[in-house]
Amino acid sequence: MNISTNRVEAFSDCVISIVMTIMIFDIKISDTLSHMTNKKELKELLVLVPQLISYFFSFTVMGIIWLNHHHLFHMIQRADEKFLWLNLHLLFWLSLIPFTADLLGEAPLLIYSSAIYGIVLFMASFAFMLLRRYALRHGLMNIGEEKQLNKTLEKINKRAILKNYFGMAAYLLSIPASFLSIYAAYACFTVWPLLFFIPDGIDDEALAEKVIETNK
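Numbering of the sequence shown is given in this note's numbering, commencing with residue 101 and proceeding in unit increments.
Don't read these hints as lab results, they were simulated from the structure.
Hints are not guaranteed to be accurate.
Distance ranges between label pairs, derived from CB positions [to be verified]:
1. V149 with Q248: 50 to 58 Å
2. L230 with P150: 15 to 23 Å
3. L152 with K255: 23 to 31 Å
4. L209 with F297: 21 to 29 Å
5. L280 with H170: 33 to 41 Å
6. P150 with F111: 15 to 23 Å
7. K182 with K128: 13 to 21 Å
8. W185 with I129: 38 to 46 Å
9. D126 with I103: 29 to 37 Å
10. L184 with P150: 33 to 41 Å
11. G163 with E206: 41 to 49 Å
12. V147 with R259: 37 to 45 Å
13. F111 with E206: 16 to 24 Å
Mimicking SDA-like on lysine to any residue, the simulated pairs with C-alpha atoms at most 25 Å apart in a straight line are [claimed, not checked]:
14. K182 with L203
15. K263 with L209
16. K247 with L145
17. K128 with E109
18. K263 with F192
19. K247 with R237
20. K182 with K128
Where a beta carbon is used, it is the ideal one built from N, C-alpha and C, also for glycine.
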């Protein structure tokens with residue numbers, strides 16, 4: 101059964117925006133802050149620095165995932181029921197990022213905080229890869245007899261999948277790295293955002309316009 105992608109993308113955007121918003125709620129300032137001396141106030145604010153860094157990084161990761169998700173749906177022409185479940189699978193792992201970000205912010209030097217963060221990011225990147233590969237293998241991006249455009253879409257997605265494998269490998273490596281060096285694990289966390297900071301999309305303007313016309 102072919103399903104329109106409009107509702108799927110709208111629902112995904114809603115979930116991702118909620119997940120990105122609720123992360124800030126975990127950063128709480130003491131109710132007694134106004135009654136503190138300047139020195140104690142500064143000390144209290146400095147305690148929040150790890151949480152703010154964790155929030156900033158996690159928000160950035162979520163934003164990059166949203167951008168890539170948007171570009172992926174820009175190329176997809178139709179969906180089916182399995183694709184919907186794979187999309188829900190991705191959203192499930194994304195919904196766990198606020199919990200792990202809070203855990204990492206509260207205890208940035210603890211092994212298990214870093215390891216759990218790495219596990220969730222690995223599963224989120226794995227879920228994204230499954231979603232893209234399924235769409236590519238089952239022709240959900242194919243545009244009729246447009247052979248040139250279909251070849252371009254396939255090339256774009258194969259490149260994105262290859263980058264996804266590198267990102268997954270980095271997140272997977274971050275888990276044992278957490279037990280050896282927290283800072284090595286943190287370095288692994290930056291690989292996926294760097295790889296996908298610029299989403300994989302259609303560079304050719306004429307081809308991009310053809311996709312837009314087909315999606316209307």
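Hints the structure fails to honour: Result: hints 2, 3, 6, 7, 11, 13, 14, 15, 16, 17 and 20 break, sorted rising.
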